[in-house]
Amino acid sequence: EPEVTQTPSHQVTQMGQEVILRCVPISNHLYFYWYRQILGQKVEFLVSFYNNEISEKSEIFDDQFSVERPDGSNFTLKIRSTKLEDSAMYFCASSEQGGNTEAFFGQGTRLTVV
Amino acid sequence: GENVEQHPSTLSVQEGDSAVIKCTYSDSASNYFPWYKQELGKGPQLIIDIRSNVGEKKDQRIAVTLNKTAKHFSLHITETQPEDSAVYFCAVLSGGGADGLTFGKGTHLIIQP
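Residue numbers (my numbering), protein chains in the order written: chain V, 42 to 155; chain F, 527 to 639.
Please keep in mind that the hints were generated in silico from the structure rather than gathered at the bench.
Be a bit skeptical, because a hint or two may be false.
[Stated by the list, open to error] Computed footprint of chain F on chain V, listed as stretches where at least three residues anywhere in the stretch have a Cβ under 8 Å from a Cβ of chain F:
(1) 77 to 89
(2) 93 to 105
(3) 142 to 150
[Stated by the list, open to error] Far from chain F, by Cβ distances over 10 Å, these chain V residues were calculated:
(4) 57
(5) 137
(6) 154
[Unchecked claim] Once the Cα atoms are required to be at most 25 Å apart in a straight line, the calculated BS3-like pairs of lysine-lysine come out as:
(7) 568(F) with 631(F)
(8) 631(F) with 124(V)
(9) 548(F) with 584(F)
(10) 568(F) with 98(V)
Yeah, the Cβ is synthetic: ideal placement off N, Cα and C, and Gly gets one too.
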């Protein structure tokens, strides 16, 4: 069964450093997403990406964040100058058609900022 | 923006009994309502979804009901089994061309043997 894969599974970084979280969406999917989940809290939408551009972003997704599809398979989330409060699970998701169609989630990357 | 409330936060049921989890939402234009199951250390996995033109949907032991007038929807799990123990999240896709799901806070379902 096709799946969304994320690397690394766990990333520890110093406060103020930049991190890049990587995702390989399902190959025939066209819509890509990043969500985050702070420990013990709900999953929160960050950004959606379609046709090589951001289609929607939440209030959380400020200038500290950026996304990129550098090639035909990877989808990345960059966090510049990480803060302690960026510590969370970051989930990548993809869907075939966007909108009200099923979004498949990856296993997540646990980001710990120290 | 969309506001999604989910209850209860924890639900403990005896194996074989039914479990019901409820969510309410605020945006009457919302049109897609998925339910996700999250096991420890894993990402959310879709278990069932319903669209705004349908009132009920069933898949084996799992069913979802939607009341658009009251703006609430519920997950029903019958004949619960130990492997149903997990955190369940409801989610809502707002109308107006939104892409991102708004999630509830989750329900920790515990199946007692």
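Here is what the structure says about each hint:
1. Chain F is given as covering the stretch 77 to 89 of chain V, and this holds because 8 residues of the stretch bring a CB closer than 8 Å to a CB of that chain, at least three being needed.
2. Residues of the stretch 93 to 105 of chain V with a Cβ under 8 Å from some Cβ of chain F number 3, which satisfies the need for three, so the listed coverage holds.
3. Residues of the stretch 142 to 150 of chain V with a Cβ under 8 Å from some Cβ of chain F number 7, which satisfies the need for three, so the listed coverage holds.
4. Every beta carbon of chain F lies more than 10 Å from that of residue 57(V), the smallest distance being close to 28 Å; the non-interface claim holds.
5. Once the 10 Å rule is applied to beta carbons, residue 137(V) is consistent with being away from chain F; the minimum gap is 13 Å.
6. With 10 Å as the threshold on Cβ separation, the claim that residue 154(V) sits away from chain F holds: the shortest Cβ distance comes to roughly 20 Å.
7. For the hint linking residue 568(F) to residue 631(F), the alpha-carbon distance of about 17 Å falls within 25 Å, and the restraint holds.
8. Among the hinted pairs, residue 631(F) with residue 124(V) is consistent with the structure: their alpha-carbon atoms are about 24 Å apart, no more than 25 Å.
9. For the hint linking residue 548(F) to residue 584(F), the alpha-carbon distance of about 16 Å falls within 25 Å, and the restraint holds.
10. Between the alpha carbons of residue 568(F) and residue 98(V) the distance comes to roughly 24 Å, so the proposed pair stays at or under 25 Å and holds.
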